[in-house]
Amino acid sequence: MHVFLTGELQCGKSYAISRVIARLSRPVYGFKTLFTDRGSDNKALYMLPADGSLSPAPSQIVAQFMDGRPQPLTERFNAIGCALLQEAQRHTEGLILMDECSRFERDAHLFQQEILHCLDGDIPVLGVVRLNAQGWVDQIRNHPKVKLITVTLDNRDSIPDEIIRYLNA
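According to this note's numbering, the sequence shown is numbered sequentially starting from 59.
In case anyone wonders, no lab produced these hints; they're calculated from the structure. C-beta atoms are modelled at their ideal positions from N, C-alpha and C, and glycine is treated no differently. Heads up, some of the hints might be wrong.
[To be verified] Cβ-Cβ distance ranges computed for the label pairs, FRET-style:
(1) T94 / K203: 26 to 36 Å
(2) S117 / N200: 28 to 38 Å
(3) M59 / P85: 18 to 28 Å
(4) N200 / S113: 29 to 39 Å
(5) S113 / G179: 26 to 36 Å
(6) T208 / D95: 27 to 37 Å
(7) Q192 / S111: 27 to 37 Å
(8) P116 / G179: 25 to 35 Å
(9) G126 / S83: 40 to 50 Å
(10) D165 / D95: 31 to 41 Å
[Claimed, not checked] Below, computed lysine-lysine pairings styled on DSS-like, alpha-carbon distance capped at 25 Å:
(11) K205 / K90
(12) K90 / K101
(13) K90 / K203
Take these sequences, add in the hints, and give me the full structure.
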């Protein structure tokens, strides 16, 4: 079973993920995304290896915000995201992290296909789906091997136990 978290911004999804990863005895592969200059209208979204082996660099920017408007770099989602997920699938002893899937990848069809390929597989996946994202991410929400869990400020401390049960099932 794969687990995807959803919830409001700053509700504790990353907190729950970090607690799960700390308790599992599996290496982590896949990707995580992070913003630089989070409060700025000209921030950038980076895609990095989930194991923390790289620091943000310009070549890993997958979306650039200009005056508050996002400009996804579809070819980078496809190139970087597919490479990280293909590498993750070579490690059957691992956990595949997908933090996070949202509207920015709407035109990155190769990346979407690679995500769905991972979900069809048997390596456990732990991910995040943006709460209000629509369109392609519905394929994740509705995948038969995915358990969707809503994280709130009230349940974020108990969620890691639930996630671990599903991942180990």
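Checklist entry - Within a Cα-Cα threshold of 25 Å, do K90 and K101 meet the stated pairing? => result The hint holds at about 16 Å.
Next on the checklist: Given a hint of 25 to 35 Å, does the C-beta separation of P116 and G179 actually sit inside it?
Outcome noted: holds (32 Å)
Next on the checklist: Hint check: K205 vs K90, CA-CA at most 25 Å. Holds or violated?
Outcome noted: holds (19 Å)
Item to check | 25 Å limit on alpha-carbon distance, applied to hinted pair K90 and K203 | outcome: holds (21 Å)
Checklist entry - How does the Cβ-Cβ distance of D165 and D95 compare with 31 to 41 Å: does it lie in that range? => result Roughly 24 Å apart at Cβ, these two residues miss the hinted range, so it is violated.
Checklist entry - How does the Cβ-Cβ distance of S113 and G179 compare with 26 to 36 Å: does it lie in that range? => result Given a distance of about 29 Å, which is inside 26 to 36 Å, the answer is holds.
Item to check | Assessment of proposed distance window 40 to 50 Å (beta carbons of G126, S83) | outcome: holds (42 Å)
Next on the checklist: Between the beta carbons of S117 and N200, is the distance compatible with 28 to 38 Å?
Outcome noted: holds (34 Å)
Checklist entry - Can the suggested window of 26 to 36 Å be confirmed for the beta-carbon pair T94 and K203? => result holds (33 Å)
Checklist entry - Within 29 to 39 Å or not, the Cβ separation of N200 and S113? => result holds (35 Å)
Item to check | Hint check for P85 and M59 - Cβ pair distance inside 18 to 28 Å | outcome: holds (19 Å)
Item to check | C-beta pair T208, D95: status relative to the range 27 to 37 Å that was hinted | outcome: The hinted range 27 to 37 Å holds for T208 and D95, with Cβ atoms some 29 Å apart.
Checked against the numbered hints given earlier, this structure breaks only hint 10.
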